[in-house]
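Numbering-wise, our numbering puts 51 at position 51 of the sequence shown, and it's gapless, one number per residue.
FYI, nobody ran anything at the bench for these hints, they're computed from the structure.
There's no promise every hint is true.
[Claimed, not checked] Simulated pairs of lysine to any residue, SDA-like, Cα-Cα distance not exceeding 25 Å:
1. Lys160 <-> Asp56
2. Lys61 <-> Ile104
3. Lys106 <-> Leu150
4. Lys59 <-> Ser42
5. Lys61 <-> Ala98
6. Lys80 <-> Lys61
7. Lys80 <-> Tyr134
8. Lys87 <-> Arg53
9. Lys41 <-> Gly85
10. Lys61 <-> Arg148
11. Lys60 <-> Ser42
12. Lys106 <-> Tyr134
13. Lys106 <-> Ala118
14. Lys106 <-> Ser42
15. Lys59 <-> Lys41
16. Lys80 <-> Asp133
17. Lys41 <-> Gly136
18. Lys106 <-> Pro96
19. Lys80 <-> Asp56
20. Lys160 <-> Thr109
21. Lys59 <-> Lys160
22. Lys59 <-> Ile104
23. Lys61 <-> Lys106
24. Lys106 <-> Ile43
25. Lys41 <-> Lys80
26. Lys60 <-> Pro96
27. Lys60 <-> Lys160
Just so it is clear, the structure is predicted and the values come from calculations on it, not from any experiment.
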Amino acid sequence: MMLRHRFSVGFVVGFAVRLAAVSGVPLGCLYLGGCGGVSDKSIQEVGGLELRRLVDDSKKKGNETSLVLIDPRHPDQFVKCHIPGAKNIRLADVPPDATVNREISKFDTIVVYGADAASAPARAMTKRLIAVDYSGVRLFVGGLEEWRALGGEVVETPPKP
1 MMLRHRFSVG FVVGFAVRLA AVSGVPLGCL YLGGCGGVSD KSIQEVGGLE
51 LRRLVDDSKK KGNETSLVLI DPRHPDQFVK CHIPGAKNIR LADVPPDATV
101 NREISKFDTI VVYGADAASA PARAMTKRLI AVDYSGVRLF VGGLEEWRAL
151 GGEVVETPPK P
């Protein structure tokens, strides 16, 4: 005996979004064409102290192509507070079929960070960059929250009165 169910598109999409939220899949991968088969296992993470060392080393060496920081948060959030030298590149700016951009690929290490450890956009951006075939891509899981807790330097813009 075979049972047939008819589900509305809204039900199926809602179920997929809830399933993604529970399982930890970044919603950016669902909405923007996926992340090219890149799984969380493909992500190399960097801790706060290691990131601090990378930032310090890139300043000491004077090597402007050793490290780039990518912050995929909304531009309003980026302007309010970000790590010095970070580039605000959104997930939508790097479509799944993008080609490698020389302005980013020239860096030895690409570190993506978000607001905090729960930042789905940062994880999705990391996966997207790996899928597009950038090398040296790493995720700073603790994000801006951990960076600030470690006493890391930030650029802040005070709110307008």
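- Please name the hints from earlier in the document that this structure breaks, with their numbers sorted from lowest to highest. 1, 3, 4, 5, 6, 7, 9, 11, 13, 15, 16, 20, 21, 25, 26, 27
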